[in-house]
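Enquirer: Residue numbers (this note's numbering), protein chains in the order written: chain A, 1 to 191; chain B, 1001 to 1137.
Accuracy of the hints is not assured; some may be wrong.
Beta-carbon label-pair distances, calculated as ranges [said to hold, decoys possible]:
1. B/GLN1050 <-> A/ILE130: 26 to 36 Å
2. A/GLU62 <-> B/THR1064: 19 to 29 Å
3. A/CYS18 <-> B/LEU1076: 16 to 26 Å
4. A/CYS18 <-> B/ARG1046: 18 to 28 Å
5. A/ARG126 <-> B/ARG1056: 41 to 51 Å
If you're looking for bench data, these hints aren't it; they were derived computationally from the structure.
Only a predicted model underlies this, so the values are computations on that prediction, with no experimental measurement involved.
We treat Cβ as the ideally placed atom computed from N, Cα and C, and that holds for glycine.
In case you want the letters, here they are:
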Amino acid sequence: MNVKAEMRDGGLVRKARCGDGRAFGALVDRYMRAAYSVAISITRSHEDAEDAAQESFLVALEHLEECRNPDKFGGWLMTIVRNRSRNLVRREALRQTDQVPVSAQSKDRGPDRDAEASELRGQLMRALEILPQIQREIVLLHDLEGWKHREIAERLEIPPGTVRSHLHFARKALRTTLDEDKWLHIVKERA
Amino acid sequence: MKRNRGLTDGGRGMNSAFDDPDIVDLLGVLDPGFDDTSYWRRFHLRVVSQAGVELRRRSLQHATITDVVESWTRALVPIVALAAAIAGFMLIQTRTIEFAGPVGVEEVLISELDEPALPDLVRDGAENVTFAADVTF
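Full structure from sequences and hints, please.
Expert: Next up, the structure:
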């Protein structure tokens, strides 16, 4: 078992500040999925979310001294991800390019050519768009990344009760928007 | 579907009362690793390789005098050891004196020879050797 994988954020941050590549790698490993989830909850596009998440790690590394509480690196990183993602969205809006539908983007990348999965992604993104930003972020961190209420509460600096409440309303809205029965059997077959 | 682990225990037991497996399954499709199993490994490698310059800058910045001396020592010790070994070997080699052939008594009398050369003068088959004691005046 990798020792660095079990080390607390504070220890890893202090080592990364001294240029320890393995410590930084462990932080990337720990937060890359969450960073992507937060980014996609704002950008709503895979490519932009990927860019925002990657850039955020590099920005975080450059400004590690500004992370005043290294044990709360996760929350600090998520703030950077949120800012980078909003900047990306703003830049995109300024460029006034047409938003490529999520389903089309998914078909173009990697081996993902499954039409049903692409269509479901599109539906999910449309359903998520209806939610307020905070609910989108919470439902993705909880139900996609497996973070616990306590972890989300700590990192977003909101009470655990508020996390639960946001999660409840987010799921309810998703259930209403999605044709759940249609998609569930497809997802379960693939799983 | 591959589920990501939480930060602390890799499981979701503590939240089980609040879990909604159907939504969890549906949202799983949004994970780029859903149908591209090497996606997160590539993501990780990309970020770490892009961070290389900054990490090197930081490691140089935090290097203390002790670190510098240690790094020199690390390089210097093997070189010194190798040089000492080569010098020792060469010293041993040069101490072996070889003689081309028998040495005449006149030569012995007029020139100085190293001590190890003397037994050669009396060895079997040294026909040309004439000792001063055998000469009758």
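Enquirer: For every hint, state whether the structure bears it out.
Expert: Evaluated hints:
1. B/GLN1050 <-> A/ILE130: 26 to 36 Å: Cβ of B/GLN1050 to Cβ of A/ILE130: about 35 Å, so the range 26 to 36 Å holds.
2. A/GLU62 <-> B/THR1064: 19 to 29 Å: Holds - the Cβ-Cβ distance for A/GLU62 and B/THR1064, about 22 Å, lies within 19 to 29 Å.
3. A/CYS18 <-> B/LEU1076: 16 to 26 Å: holds (24 Å)
4. A/CYS18 <-> B/ARG1046: 18 to 28 Å: holds (23 Å)
5. A/ARG126 <-> B/ARG1056: 41 to 51 Å: About 44 Å separates the Cβ atoms of A/ARG126 and B/ARG1056, which means 41 to 51 Å holds.
In the structure shown, no violation is registered for any of the earlier numbered hints.
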